[in-house]
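Asks: For the record, the sequence lines run as chains W and L.
For the first sequence, our numbering gives the first residue as 2, with consecutive numbering after it.
For the second sequence, our numbering gives the first residue as 2, with consecutive numbering after it.
Misleading hints may appear alongside valid ones.
It does not matter which identical chain is used: a pair holds within one copy or between any two.
Derived lysine to aspartate or glutamate pairs resembling EDC-like cross-links, with alpha carbons at most 20 angstroms apart [claimed, not checked]:
(1) Lys243 x Asp48
(2) Lys291 x Glu187
(3) Lys229 x Asp316
(4) Lys243 x Glu106
(5) Lys237 x Asp125
(6) Lys98 x Glu199
(7) Lys237 x Asp322
(8) Lys53 x Asp349
(9) Lys237 x Glu342
(10) Lys237 x Glu118
(11) Lys3 x Glu35
(12) Lys291 x Asp15
(13) Lys98 x Glu16
(14) Lys229 x Glu283
(15) Lys229 x Glu95
(16) Lys3 x Glu187
Rather than coming from a laboratory, the hints here were simulated on the basis of the structure.
Here is how the chains run, residue by residue.
2 protein chains.
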Amino acid sequence: MKLANDLFLRAFTDERLPRPPLWLLRQAGRYLPEYRASRARFPSFMDACRSKEFCAEVMLQPLARYPLDAAILFSDILTIPDAMNLGLSFGVGEGPKFASPLRDERAVSALRKPALESLQYVFDAVAHCKQALTDHVNGEVVQRIPLIGFSGSPFTLACYMIEGAGSANEFAHVRRMMFQRPDLLERVLEVNTQSVIEYLEAQAHAGANVLMIFDSWGGVLSPSQYRKYSLASITKIVAELKRRLPGIPIISFSKGANVSLAAQAQLGADALGIDWQTDLAEARASVGAKITLQGNFDPALMATDEATLRRAVHDAWSGFDPHHRYIANLGHGITPDANPELVHVLLDEIHRSANA
Amino acid sequence: MKLANDLFLRAFTDERLPRPPLWLLRQAGRYLPEYRASRARFPSFMDACRSKEFCAEVMLQPLARYPLDAAILFSDILTIPDAMNLGLSFGVGEGPKFASPLRDERAVSALRKPALESLQYVFDAVAHCKQALTDHVNGEVVQRIPLIGFSGSPFTLACYMIEGAGSANEFAHVRRMMFQRPDLLERVLEVNTQSVIEYLEAQAHAGANVLMIFDSWGGVLSPSQYRKYSLASITKIVAELKRRLPGIPIISFSKGANVSLAAQAQLGADALGIDWQTDLAEARASVGAKITLQGNFDPALMATDEATLRRAVHDAWSGFDPHHRYIANLGHGITPDANPELVHVLLDEIHRSANA
Chain W
2 MKLANDLFLR AFTDERLPRP PLWLLRQAGR YLPEYRASRA RFPSFMDACR SKEFCAEVML
62 QPLARYPLDA AILFSDILTI PDAMNLGLSF GVGEGPKFAS PLRDERAVSA LRKPALESLQ
122 YVFDAVAHCK QALTDHVNGE VVQRIPLIGF SGSPFTLACY MIEGAGSANE FAHVRRMMFQ
182 RPDLLERVLE VNTQSVIEYL EAQAHAGANV LMIFDSWGGV LSPSQYRKYS LASITKIVAE
242 LKRRLPGIPI ISFSKGANVS LAAQAQLGAD ALGIDWQTDL AEARASVGAK ITLQGNFDPA
302 LMATDEATLR RAVHDAWSGF DPHHRYIANL GHGITPDANP ELVHVLLDEI HRSANA
Chain L
2 MKLANDLFLR AFTDERLPRP PLWLLRQAGR YLPEYRASRA RFPSFMDACR SKEFCAEVML
62 QPLARYPLDA AILFSDILTI PDAMNLGLSF GVGEGPKFAS PLRDERAVSA LRKPALESLQ
122 YVFDAVAHCK QALTDHVNGE VVQRIPLIGF SGSPFTLACY MIEGAGSANE FAHVRRMMFQ
182 RPDLLERVLE VNTQSVIEYL EAQAHAGANV LMIFDSWGGV LSPSQYRKYS LASITKIVAE
242 LKRRLPGIPI ISFSKGANVS LAAQAQLGAD ALGIDWQTDL AEARASVGAK ITLQGNFDPA
302 LMATDEATLR RAVHDAWSGF DPHHRYIANL GHGITPDANP ELVHVLLDEI HRSANA
């Protein structure tokens, strides 16, 4: 389907753009009062994720406020382990918890790639989001902006599956298994890798224009461990998806792994997410000119003030070319305390600074 | 006073050592049942820290079990902000909390360097630890092993003082102040810097042989922010202490700031702590041959098994010279789930691998 605004897709090419496209990590989220109102209709977060109507509704909310250049599927990164029946739940005000974490050989041996049917609700949500993005312009059916599908990375999924919860102790159980039984960790990663390939392929078939892999926890590893246990499986996924889905851009985002950006540049992804702990000019120097960078304004800026935010955008681009292979975004998800008005300022300053 | 074992001090020189000295971050800690028994006598953690008898007792506990090469003062990194009357408390099973975090200009303006008298209990603990380490050998009074004194870094103290608590949100309030009111953050850092200088100087006068600065949170910043807001104040402290205390080695440990090791090598410290997310050979390549490195076995290893731990020590030293300017240690504090028996294995493997 023709896109009314294809600026985001053009950022994956060598074309010089008049300004960088902008979208925001977690742009459909708790900083928007309309999101909180929609979310309140569901008893649990996963219940909300299972409603394609909810997913499309909240996906559209930031687009109704701001002229953003990409939409992203509303879902969770833990849908795959949830479909593996590890007993996912979200406590009130807490992160995810798994009732049956993978701690021993028996549990790991029993792990199976989930049937795609158990994730059909996600693909339905993708299709519903896609539908919600279509518009009629001069009698022609067009898609307003591209839709991003996504998954957690195999290592990041493994972190939650093995630890059973978030990062309180920097995933000590995962690191213990990595040292003590690397064969078990490798098996979890392999099951996850095959699952993520099928999961992302199905999202593309359901209508996603771009795919993104969130490696939230690759950064807890040392560089050599990161290459072996996180980057290797992302590389495998990207190679297979490039074969199955030629032409679909892929973004890989390993938060906290900025020290390994040069290695990430070799993984085969079209774009790399950059966290706010990395200087953009240094990131560009690490990866070369053929990779698109996405990021990396500090989410804390969205809870400051107009002058501060404008200055920070200006500073972030010092020594960096924002017109070439660059997608403006935050360096991590926008936080609940963000001021929604500042998104307008961010957009305006991106237009202004790009033309300065 | 003469040292019975000065291997640790010799690691700060160019001398080639038969094996690296070993001590463990948080070696007096909850992994030892005798520590838990001693700690249970006090209603709160800070009450325990205020008893010089307790500090010396638990400082000695790991030394009674293992032939370690350095002792460290038992204290907390938040003694300085506590003495600034910000209302420090430790909830059960939680991290530190400040009742009056520094959030506005008024609070920051009112901040003062604490009177050294309010920290006298720490200097008394240093002196008591020093006394507890003395021994009589052939009629001569000797100190068994060197004693390390320590402080939190100005930025790390500021993190807790401004955020009011630990790292749940990667110190969003601190980052907000850094962007919005850098002048306020600079003032907090300056007060902290002067406080840390006096605090560490007094610990040296009370008997500490080596001083260590724990920068637990410098790694939440981008490299340029880290240099400006964390490294700059550590550099100022080290320069001043080198003037006041010539001959006292100083160790600086910025966890999570491995990407900035080359910059850290310029700060003037004798040694740099290396976290477990950094490969030792790469760290050596970043800092050159004139700086001592301390670290960096993954604490998760101490909850594995003998074969795994031996292999990991061997692997960690691949391409790395452990005989020159190197102090063996963990890359972060030993955790409560560590197996105390594995410390013997670690010691044995360090002897064995160093002689292989």
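Asks: As a check of your reading, is lysine 291 near glutamate 187 (CA-CA no more than 20 angstroms) within one copy, between copies, both or neither?
Replies: Neither way: lysine 291 and glutamate 187 sit 31 angstroms apart in one copy and 39 angstroms across, limit 20 angstroms.
Asks: Within a copy, between copies, both or neither: where do lysine 243 and glutamate 106 come within 20 angstroms Cα-Cα?
Replies: Answer is neither; intra-copy 33 angstroms and inter-copy 54 angstroms both fail.
Asks: Is it within, between, both, or neither for lysine 53 and aspartate 349, if the alpha carbons may be no more than 20 angstroms apart?
Replies: Answer is neither; intra-copy 32 angstroms and inter-copy 59 angstroms both fail.
Asks: Can you give me the call for lysine 98 and glutamate 199, within, between, both or neither, at a CA distance of at most 20 angstroms?
Replies: Close neither inside one copy (24 angstroms) nor across copies (45 angstroms); limit 20 angstroms.
Asks: Between copies, within a copy, both or neither: which fits lysine 229 and glutamate 95 at Cα up to 20 angstroms?
Replies: Neither way: lysine 229 and glutamate 95 sit 30 angstroms apart in one copy and 34 angstroms across, limit 20 angstroms.
Asks: Is it within, between, both or neither when you check lysine 237 against glutamate 342 at 20 angstroms Cα-Cα?
Replies: neither (41 angstroms within a copy, 40 angstroms between copies)
Asks: Using 20 angstroms as the alpha carbon limit, work out where lysine 229 and glutamate 283 are close: within a copy, between copies, both or neither.
Replies: between (24 angstroms within a copy, 16 angstroms between copies)
Asks: Regarding lysine 237 and glutamate 118, is the shortest C-alpha distance of 20 angstroms or less found within a copy, between copies, in both, or in neither?
Replies: Result: close neither inside a copy nor across copies, 23 angstroms intra and 61 angstroms inter.
Asks: Indicate which option fits the pair lysine 237, aspartate 322 if close means a Cα-Cα distance not exceeding 20 angstroms: within, between, both or neither.
Replies: Classified as neither; 30 angstroms inside a copy, 35 angstroms across copies.
Asks: As a check of your reading, is lysine 237 near aspartate 125 (CA-CA no more than 20 angstroms) within one copy, between copies, both or neither?
Replies: neither (26 angstroms within a copy, 58 angstroms between copies)
Asks: For the identical chains here, do lysine 3 and glutamate 35 meet the 20 angstroms Cα criterion within one copy, between copies, both, or neither?
Replies: neither (29 angstroms within a copy, 70 angstroms between copies)
Asks: Between copies, within a copy, both or neither: which fits lysine 243 and aspartate 48 at Cα up to 20 angstroms?
Replies: neither (32 angstroms within a copy, 60 angstroms between copies)
The structure fails hints 1, 2, 4, 5, 6, 7, 8, 9, 10, 11, 13, 15, 16 (numbered hints given earlier, in ascending order).
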